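Peer 1: Here the structure of chain W is known, so what remains is to put chain R in place on it, guided by the hints.
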Amino acid sequence: MKTLLLTTALVIAATGVSANRAFVTNERGNTVTVIDTNTWQVETEFFGGNRPRGITISPDGKLLYVCASDDDQVKVFSTETLEELYSLPSGADPELFVLHPSGNPLYIANEDDNLVTVTDTESHTVIAEIPVGVEPEGMAISPDSQFVINTSETTNMAHFISTADYEIKHNVLVDQRPRYVEYTPDGKRLFVSAEIGGTVSVIDVAEDGTPNLVKKIHFEVGGVTPEWLQPVGIRVTQDGSRIFVALGPANRVAVIDGATLEVKDYILVGQRVWQMAFTPDQKYLLTTNGNSNDITVIDVAKEKAIQSIPVGQQPWGVVVAPH
Amino acid sequence: MPAPLRSLWVAITLAFTGVASAQAVEVKAAVLRVDYQKILPISRFNLRPFDLGFAGAALADEDNSTTGRFLGHTYETQTFAVTADEAEAKARELVAGGMPYVVVVANGADTLKVADAVAEAGGITLNAAAHDNALRGTECRANLLHIAPSNDMNADAVAQFAMWKKWPRWVLIQGSNPADQELGQSYERAAKKFGAKIVESRTFEDTGGTRRTDSGHVLVQRQLPTFMQGLSRHDVVIAADNTDYFAAYLPYHLWDPRPVMGSAGLRPVTFHAAHEAWGATQYHTRFEALTGRYVHEEDYNVWLALRVLGEAVTRTGGNDVQTIRDYILSDKFELAAFKGQKVTFRDWDGQMRQPILLFDDHITVSVSPQDGFLHQTSPLDTLGLDRAESPCHAFN
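Top to bottom, those sequences are chains W and R. The opening position of the first sequence corresponds to residue 1 in full-length UniProt numbering, with each subsequent residue numbered one higher. The opening position of the second sequence corresponds to residue 1 in full-length UniProt numbering, with each subsequent residue numbered one higher.
Derived by calculation from the structure, the hints in this document are not laboratory data. Check the hints yourself; a few may be wrong.
[Claimed, not checked] Distance condition first, Cα-Cα at most 25 Å in a straight line; then the derived PhoX-like pairs of lysine-lysine:
1. W/LYS283 to W/LYS304
2. R/LYS166 to R/LYS192
3. R/LYS28 to R/LYS90
4. R/LYS28 to W/LYS216
5. W/LYS215 to R/LYS90
6. W/LYS264 to W/LYS302
If you're wondering where the values come from, they're calculated on a predicted model, not measured in any experiment.
Just chain W, same shape as in the assembly (with noise of 0.2 Å):
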């Protein structure tokens, strides 16, 4: 591993660290793998913990998160170095988080125990532990931090979680197995994937902050089994307008008009689509595709799949890091 990370060290300091960097979670590889989203090359791959899973980034680009689920903590690495930092309490299997914009704390949901944990992750405590729904899984903070939102898979719920008392000041029932929840960059509106029932559920946030909800986007593609029509990850365009849903074993990601919420195109990708993320300039949107075990780079302007990158075992989640 030492050798690994000396060697990516060198490679970094011959090629400069201006480059946008993808990270990629491979669950079943217990790697990381990243790839320069420049050259679309893979640079490296690097221990990740056991299962990773969840990955994000803080604000300024420099500590890149990752849920390490089968070692019940939240590890942090060095964007730059690669290098494991420290780890955070996590409580048991976590799973998906969400950040605050401010970078602190960060909001996981533990899918074993019911809970989500809020980490500080400065003081590497954690400050609270939210009662939710049975298997908690997605998670999303409104864009004025007020609320985080987790989903609950065998509850099929998303709880509304004030960030001021961390009580739970509402919960809308969707449908079976909800999977991600993403919010429009106003805040809005909320999308939640429900991966058994098949649907997308549209909820609006009204002037008072009650979540109402207004409609449920249904798939359908020529030849696929409908039963395989399995949202999981969200997108949503900065400005939104469009908004991609992942189809896990449909092998699809669904475009969808933000204005009408049509479903406009299914993007053919890898096998079992699963999580997705876009370049800070929002050119391309990565998919981690975990039964191929690669990632698909889609062209968001042309809804097009341009490029298909190896990676790891069982790829899940993919960030980018920003400038």
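Peer 2: Showing chain R alone in chain W's frame:
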């Protein structure tokens, strides 16, 4: 359709604090397990834990209560083990005692007796163990829902895999007990349905012979191959042994080297402790932390029965027996069950539609329905009797 049902797609948004008093719903259920005088299983891996089925109820109560907490719903499931003679009276007592939802773990005949007693008292029964086709057919009951798959569904699950493998020539070895014979008939039906040929069928007589004695394998090794001698060319041996007295001995003791499927070898199951796909690992983590042992099919089936109830209560916001039953049978009902797609109910016989796992006692080898077996409603309806074939009329 009552108003609460129509409003199901509307979000139920509730403030967490103070909601309990506004929408309080108490859901009381019972698990009634009928215990029989039984010989030991062939493998001690299959010994029946004392809390068989009941452990699934404990987990379901935890899961349902966690969800119910946000809606003001509480769940309490009591568990009872009785003899066959006591079952009917106990069933009546449960419903009279305020537990109108009865999950039954029993053989087919006793399941039916319990279901009739429960129905008479105004409750509904969820069958977690009996595979008898008749319970979904000529003997079906409007207030009896089936979580356990029928023999037909299990046979179809195996048959589809055999056909996907292009193993169409079968030898059928069935036990001599009525339950074995019925399963054998299901395999005969499945063969016709999917175009397999049963080249020969033999019955292995239950003579109450030797079992797990310390040298039992010596006799088995000598006797079974000769029993299996002289068969026409075949691809696979299908075992129909619902009473578990011979099938486990078949693999490796055949005359011709062939895979065994059905009651041994590759077995159709609703769930097993090594199943990891579709979030199942999380189920096992919770179950094992709670019970200290691996899950059995009966545990999973009971858990699923109570989750069906919990889901219906969550979505309808109440616990009225008739409303719950109608919702479960409606096309609005769906539930995630760690099997990759939602489970629903057939509104013509009360049977749960569900994928069937094919298990080699080690890993999930495959999951039926298999690719390419198509159906106009749901591929899951390629398993078991379809609407048009069903002799059940209690749901009309």
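Peer 1: Could you run down the list of hints and mark each one as holding or not?
Peer 2: Status of the hints after comparison with the structure:
1. Straight-line distance between C-alpha atoms of W/LYS283 and W/LYS304 comes to about 11 Å, which keeps the hinted pair within the 25 Å bound.
2. Taken as a hint, the R/LYS166 and R/LYS192 pair is honoured in the structure, with Cα atoms around 15 Å apart against an allowance of 25 Å.
3. Restraint check for R/LYS28 and R/LYS90: satisfied, since their Cα atoms lie roughly 15 Å apart, inside the 25 Å limit.
4. This hinted pair does not check out: R/LYS28 and W/LYS216 have alpha carbons roughly 32 Å apart, beyond 25 Å.
5. This hinted pair does not check out: W/LYS215 and R/LYS90 have alpha carbons roughly 46 Å apart, beyond 25 Å.
6. Restraint check for W/LYS264 and W/LYS302: the C-alpha separation of about 12 Å stays at or below 25 Å, so the hint holds.
Hints 4 and 5 from the earlier list are contradicted by this structure; the remaining hints agree with it.
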